[in-house]
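If you read the protein sequences in the order shown, they are chains A and B.
Anchor point for the first sequence: position 114 equals 114 in the numbering used here, and the numbering is continuous, going up by one each time.
Anchor point for the second sequence: position 240 equals 240 in the numbering used here, and the numbering is continuous, going up by one each time.
Please keep in mind that the hints were generated in silico from the structure rather than gathered at the bench.
In this text the structure is predicted, and so the values were computed from the model without any measurement.
The hints are all genuine.
Taking lysine-lysine pairs in the DSBU-like style, the calculated list, with each CA pair at most 35 Å apart, reads:
| # | chain 1 | residue 1 | chain 2 | residue 2 |
| --- | --- | --- | --- | --- |
| 1 | B | K254 | B | K159 |
| 2 | B | K85 | A | K123 |
| 3 | A | K118 | B | K193 |
| 4 | A | K123 | B | K193 |
| 5 | B | K80 | A | K123 |
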Amino acid sequence: MITIKSETPMNTQKKELAVAALRNGTVIDHIPSTALFKVVKLLGIENVGTHVTIGNNLDSRLMGTKGIIKIADVFFPEETLNRIAIIAPGAVINIIRDFEVVEKRHVELPDEIVGIVKCGNPKCITNNEPMRTRFTVADRQSLTLRCNYCCKEVGSADVQLC
Amino acid sequence: MNSKSLVSIDDISRDEILQLLESARRFEENPNRRLLDGKVVATLFFEPSTRTRLSFETAVNRLGGRVIGFSDASTSSSAKGETLKDTIKMVSNYVDLIVMRHYLEGAARYATEVTDVPVINAGDGANQHPSQTMLDLYSIYKTQGKLEDLTITMVGDLKYGRTVHSLIQAMRYFNPTFHFVACEELRMPDEYKELCDRNGIRYTEHTDFSADVINSSDILYMTRVQRERFTDIMEYEKVKSLYTLRNAMLADAKDNLKVLHPLPRITEIDQDVDDNPKAYYFDQARNGLYARQAIICRALGIEQA
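Whenever a hint applies, use it, and build me the whole structure from the sequences.
Encoded structure:
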């Protein structure tokens, strides 16, 4: 008699295979699918020489779909990772050492964001001088940033990166 | 940044506003004093604004200071592609104070970051023009004898008009009531209505420039409706005449009512209003001299004796 395995373990196995395990490195999880490639750009992941696994439109109970980035043997400074809070406020950082999650935390939006976000106002000085942009968080709830120079506000969903 | 710079009306507190008004009052009593003896002030006008430049330069001259500068970017090295940073750094070597006007928004804020010399913003695009706000406040204070508990009606272009936005920001300390009178296209942006809500300021919005609104006001602040704000030229012609103030409309206004306008006016105040004692816009412009003398002395840390 042939036993047919239930589908559940097979699916779990497939899902696990889809995103390879990491020995050492950083996993950024719960990135909104629409923000995934902005996060890649923001962290300069295209220049990383170690193994990088990028997954997008993966099933997520909480978010519907999500993106995930695994970077082998790279550990970013905390303030670098916090930059992504502008576009992926719910992102979770996992630090992996020897296959174990040794640290898990949410990204935190800094009070001031320097040199990351482009001002959407074409008449803003920052778009006309060789200088860094500066934004202050105007409203943490709605994730609204205000340009320190022209005072125009931008919502998280409309953020353009420099 | 030099802490005596003035980039936005938001940079100064209620107390500092009151100190500046008192200082302006004393300059009006005696505008000619040699408080700036030996000082050199730069007026850097990257876009032309004759009215504002002459007002600042007169203020410096009447205080015994000297002025260098340019009135148009085409005659400055920015026309050769020099960055604002380099121009400001170069000028900082020569002067005690920089007064600057720029067509780009945030230019004055950036200038304060690259120099230790105090900077006064004389207008940066559609963003801020704090000396205009100070002269508006001084005009209100002078004509009403107070800033508290006044009913101020703003008429015309409330969407793009930076003077009305800054005036709301400055008046938030003084328990005002506002009437906003504008067509749908040019109504007060939510941002400023929210600012009123947060500060417990009462306001009403009207599309009719009615007698009721005029007769309940202490200050009628008129602004220019600009043709370039409209895609439909017919709509512009209609709106223009709807929000024009005529002398007859002031017949039942309060005795203390004054009509203000940041100038230049086009058609929004009829010529027949000019001889009405309630018309205050030309005196308002003169108040700019005293307000600017006060701002200049604050920036240089000079106390009036």
